[in-house]
Amino acid sequence: MSSTTSLTLGNMVAGVLQWVILLFLMRRYVYKPLLGAMQKRRENIAKQISEADKLREEAEKLRQEQDNLLKKAHDDAKALIAQARREGEEEARKIVDQAQREASYRQRAALEEIHHERDEAIKMIRAEVADLVLMATGKLLERNIDEKDQERYLDQILQDAGQLQ
Amino acid sequence: MIFSLTAFQWPPFITGLLAVVVVLVFGLMAVRQLTPGVPHGAQNVMESAVDTFQDLVGQMAPKALAPNLTLLSLTLFLLLVVANVIGLLPLPGIGTRWIHSPTAFLSMPAGLAIVIFLLIQWSGIKYKGLGGFLVGWFWKPIPVFGVVVNALEQLVMPVSLAFRLFGNILAGELVLRMTTNPHGLSGWLVVVLVGTLWLVFSLVISLIQALIFTILTVAYMSIQASTEH
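Line by line, the protein sequences give chains B and E.
Here the first sequence is numbered in this note's numbering, starting from 1 and rising by one per residue.
Here the second sequence is numbered in this note's numbering, starting from 1001 and rising by one per residue.
The shape of chain B in the complex, shown without the other chains (with noise of 0.2 Å):
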């Protein structure tokens, strides 16, 4: 009668064979297919992260690129404002210079014509004066004075205007 506390030998090979019979399986259909995929994966992993390194690299470098880029966009900007405020200055001062010039010149030239306008006011008032002294004067005397008389009154009349003048 068997008891559980009886060594056959048979068992023990059997245990034994058992053993490295589901060892021989297990290494041949499970283990190496296993292992295999997790050094793949291990392997997938590796190269994963240089390839993220990489990238991360690439992508510093970049960004980089793109600062200088935009850091020179900006100093260029800044120096046609300044550029264009400079020349913008320098042509409003030329407008104004000129508007001043033309100004001046136009009041110059109206000033002339003033007195021009004045003298010839003053000659034409002078004349009509000096005729209308004459007929008076002709009148007054009833008399028709000779011409070298009258050159003679006339500019005698004519300094006493300017006197009174």
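Because the hints were derived from the structure by calculation, they are not lab data.
Here a beta-carbon is modelled for each residue, glycine too, at the ideal position from N, C-alpha and C.
Mixed in with the good hints there might be a few duds.
Stated by the list, open to error - Residues of chain B clear of chain E, computed beta-carbon distances all greater than 12 Å:
1. 6
2. 50
3. 64
4. 103
As the list claims (entries may be wrong) - Below are the DSBU-like pairs computed for lysine-lysine, each with C-alpha atoms no more than 30 Å apart in a straight line:
5. B:139 / B:123
6. B:71 / B:61
7. B:78 / B:94
8. E:1063 / E:1140
9. B:32 / E:1128
10. E:1063 / B:32
11. B:123 / B:94
12. E:1128 / B:40
13. B:32 / E:1140
14. B:40 / B:54
15. E:1128 / E:1140
16. B:78 / B:54
17. E:1063 / B:47
18. B:47 / B:32
19. E:1126 / E:1140
The hints should help you fit chain E onto chain B, whose structure is shown.
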């Protein structure tokens, strides 16, 4: 204890085969939809087990021994876990008897322990050289007479391995039979309270004993393989 060269016990052989099949089926489930991507289900469990044993063995064994010892010990562990649990399942036995675990018979643990003893000696020869191995056996800690101490030490290893596993599993099963038999000494109350607790306890014991057996195997082989003693 009876030793027999000719007798053969069928129950532990059949339950042992059952354990082999269960482990193998689980292993095949793990690689059925094998992916190097994110592992799911059985593959995940199996990978965790492989990973754990790689770490465990890697800490103890020399580098050259580690890969093979990992697979050997992992297989041993899986086989023992399933084998230990078989006796706890409510499987219908022959007649009124319950089915025992194959490890609750002395033969299987003893057979494994003897092979492990040979493996320990083999790893000593392979990694220390025959000279170093013989020095270790006969010249440490004292010349010539050291062999007595070493023989005792080396023989205690497989004997303790075999009896620890066998004793724990058999005892667990016998106490489970007593505490879960409502017609015997214990009533239903005992079955529900003590029996359930003992079943949980035995499940834990099954796991722990399989682990102890495996870890000690790895440790013994690693110690014998290490060059400094």
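Cross-check of the supplied hints:
1. Distance check on residue 6 of chain B: its Cβ comes as close as 4 Å (rounded) to a Cβ of chain E, failing to clear the 12 Å threshold; non-interface status is violated.
2. Chain E leaves residue 50 of chain B outside its interface by the beta-carbon criterion, the shortest separation being 17 Å against a cut-off of 12 Å.
3. Every CB of chain E lies more than 12 Å from the CB of residue 64 of chain B, the least distance being 35 Å, so the non-interface label holds.
4. Interface exclusion of residue 103 of chain B from chain E stands, the closest Cβ pair being 88 Å apart, more than 12 Å.
5. Restraint check: the Cα-Cα separation between residue 139 of chain B and residue 123 of chain B comes to about 24 Å, which is no more than 30 Å; the hinted pair holds.
6. Among the hinted pairs, residue 71 of chain B with residue 61 of chain B is consistent with the structure: their alpha-carbon atoms are about 15 Å apart, no more than 30 Å.
7. For the suggested pair residue 78 of chain B and residue 94 of chain B, the alpha carbons sit about 24 Å apart, so the restraint of at most 30 Å is met.
8. Distance restraint check for residue 1063 of chain E and residue 1140 of chain E: the Cα-Cα separation of roughly 25 Å lies within the 30 Å cut-off, and the hinted pair is therefore satisfied.
9. Distance restraint check for residue 32 of chain B and residue 1128 of chain E: the Cα-Cα separation of roughly 29 Å lies within the 30 Å cut-off, and the hinted pair is therefore satisfied.
10. Restraint check for residue 1063 of chain E and residue 32 of chain B: the C-alpha separation of about 19 Å stays at or below 30 Å, so the hint holds.
11. As the CA atoms of residue 123 of chain B and residue 94 of chain B are separated by approximately 43 Å, the hinted pair breaks the 30 Å bound.
12. Under the criterion of a C-alpha separation no larger than 30 Å, the hint pairing residue 1128 of chain E with residue 40 of chain B is inconsistent with the structure, at around 34 Å.
13. For the given pair, residue 32 of chain B sits about 40 Å from residue 1140 of chain E by alpha-carbon distance, which is inconsistent with the 30 Å threshold.
14. Of the pairs offered as hints, the one joining residue 40 of chain B and residue 54 of chain B holds, with about 21 Å between alpha carbons and a cut-off of 30 Å not exceeded.
15. With a C-alpha separation of about 14 Å, the suggested pairing of residue 1128 of chain E with residue 1140 of chain E holds against the 30 Å cut-off.
16. Of the supplied pair hints, the one linking residue 78 of chain B and residue 54 of chain B is violated, its CA atoms being roughly 36 Å apart against a limit of 30 Å.
17. Between residue 1063 of chain E and residue 47 of chain B the CA atoms are separated by roughly 26 Å; this keeps the pair inside 30 Å, and the hint holds.
18. With a C-alpha separation of about 22 Å, the suggested pair residue 47 of chain B and residue 32 of chain B falls inside the 30 Å cut-off, and the hint holds.
19. The hinted pair formed by residue 1126 of chain E and residue 1140 of chain E meets the criterion: a straight-line CA distance of about 19 Å does not exceed 30 Å.
Checked against the numbered hints given earlier, the structure breaks hints 1, 11, 12, 13 and 16 and satisfies all the rest.
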